[in-house]
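**Q** One letter stands for each residue in the lines below.
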Amino acid sequence: MKKLKDFIVNSRVWRSFFRHGWPDNPLDRSLIMTTNVFFHLHPVRVNKRSIKALYSFGLGVITTIMFVVLSITGILEMFYYVPSVDTAYFDIITLQTQVPFGQLLRNMHRWSAHLMVLTAVLHMVRVFYTGAYKRPREFNWVVGVVLLILTLGASFTGYLLPWDQLAFWAITVGTSVAGYEPMFGKLIQKLLLGGAEVGQASLTRFYGLHVMVIPGLLLLIISLHLWRVRKDGGLAANEVKDEIETEVENA
Amino acid sequence: MPDNNIPEENKSFSRSSKKTYSLVEIVKAPTTMVDKGPEDTIFAFPIVAILELMLAIGSTLVLVIFSLLKDAPLEELANPLITTDPAKAPWYFMGLQEMLEHMHPTLAGIILPALAVGFLISIPYIDYSREGAGVWFTSKRGKSIVGWTALYTLVAMTGFVLVDNAFPPRELLRDMLPNLVTQSLIPGAVMTFLVVLPLLVLWRSKEGIKNAREVMLVLFTVLFITAVVLTLTGFLFRGPGFELYWPWAMPNGYNPMDGL
Ligand code: HEM
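The listed protein sequences correspond, in order, to chains L and X. If you use the numbering used here, the first sequence corresponds to residues 70 to 320, in order. If you use the numbering used here, the second sequence corresponds to residues 28 to 287, in order.
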């Protein structure tokens, strides 16, 4: 058994996948972080403070997980949904009543969408109160603000897709706010809706934004965000009690 | 080999007598993990991977259980001819919709949101000192500033909603003053006053305002709690006719939670 394991683990195929040994020693624990695309987002060593649950509450991570859940459930929903004012509503009913686990699928997509907005806001609040936007993380804070706006956009555009009364009037009310702006308001409203009122053109546009444009941007910018967290030295808690830097600051 | 003749700063770096040295440049840049005692740090693997996996499994589990218990809403087929009452935006825009009740749409829907986003983006550029980064509320004093500001905002904004709802200037003064004054200038001035007041109090207090972080703590707390108050008011307390009701005593069988 041990021989078989050693044979597999030392084979050229295995070694081409995992370029480090079993991570039970400092060298391999360092290598796993630098050679694995998912782990390399983390530093090799972290400050104990930064992984305390009551420090970050894991809110950024939960928001990222919600994005993954939304992508998976959203793609599955796309298999059953056609964005046409004649069929969309009935596709949702079919999904809920005919498709195995369809109701669960829709529930999960909807609740995780709400949750993602909530956790993104709470994550921002946590980052603010821990002062984690301070140098050198200013840019990542700005990236975060963009992510928050995109998250709201993703949720808002998805709201129209079931094409029920709730969807129709929520989007009518929501987009009418843009129309109040005296200079470009009407133009923006028209661009979003594809007309003066919510109709087929709006559904087409919201669908395109909801399944392609915004998730694509989110994927790109969340990647940028996480990469910046890494480049800025991990969480700001890593730096606490760093006299040497404070001296440089004050010099 | 302890050598007492070597000055303190050269202990880790003994100079060669055959070379000359000079300070070329001091670079002001973050030194991520350099100079930090290894005793505070631990290997990220496997603990961070385990924590993240636990978060992933935990939050997905909660989501599945909740989704088994509560179905997503689906009302009748969309009908442009039948208006729902109330007609509400998604919950995260209810703060905006609530503001529309109190002031001119350009102020509520464009100017104030733009100011809020502009403020958020500028926070790290106004408060750029690195002091206190990574510590909740920065200090004890910071904590009490946030606590008092939060309490103040909760009372002030709830008061604003209720008073403005009972005595709306844009209706009471409609015939006396131009719309610009009643719909924009008065609510704009009231809002500005409510936002600036806690800053003034801090400024005139015994210790005054000590640094940019304290200003940010006040302003962000005002913004956050205001958003919470307005969102909850719009989402939970507005019923048919967009009138204020207790959430559990809505007329016509309307339940605000059905609109999630
Ligand atoms: C789609 C939304 C977002 C996702 C998926 C996301 C994800 C993350 C993750 C996974 C982290 C690592 C630390 C943690 O878990 O708390 C992080 C850190 C950070 N995020 Fe976000 N974030 C989002 C939105 C935001 C927003 C709205 C802001 C602020 C306006 C922001 C600013 C930051 C900053 C400054 C850090 C570094 C924190 C530190 O050093 O302690 N992020 N983000």
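Please keep in mind that the hints were generated in silico from the structure rather than gathered at the bench. For glycine and all other residues, C-beta sits at the position ideal for the given N, C-alpha and C. Any given hint might turn out to be false.
[Said to hold, decoys possible] Straight line, CA to CA, 27 Å or less: simulated DSSO-like cross-link-like pairs of lysine-lysine: (1) L:K121 - X:K170; (2) X:K97 - L:K117; (3) L:K117 - X:K237; (4) X:K97 - L:K121.
[What the hints assert, rightly or not] Listed next, the stretches of chain L that the computed footprint assigns to chain X, with coverage defined by at least 3 CB atoms under 8 Å from CB atoms of chain X: (5) 143-155; (6) 234-242; (7) 252-261; (8) 281-294.
**Q** Hint by hint, note whether the structure agrees.
**A** Okay, the hints, checked on the actual structure:
1. L:K121 - X:K170: Holds - the C-alpha atoms of K170 (chain X) and K121 (chain L) are around 19 Å apart, at most 27 Å.
2. X:K97 - L:K117: 38 Å, violated
3. L:K117 - X:K237: 30 Å, violated
4. X:K97 - L:K121: The hint is violated at about 32 Å.
5. 143-155: violated (count 1)
6. 234-242: Our answer is that it holds, as 8 residues pass the Cβ test (under 8 Å) against chain X, meeting three.
7. 252-261: violated (count 1)
8. 281-294: violated (count 0)
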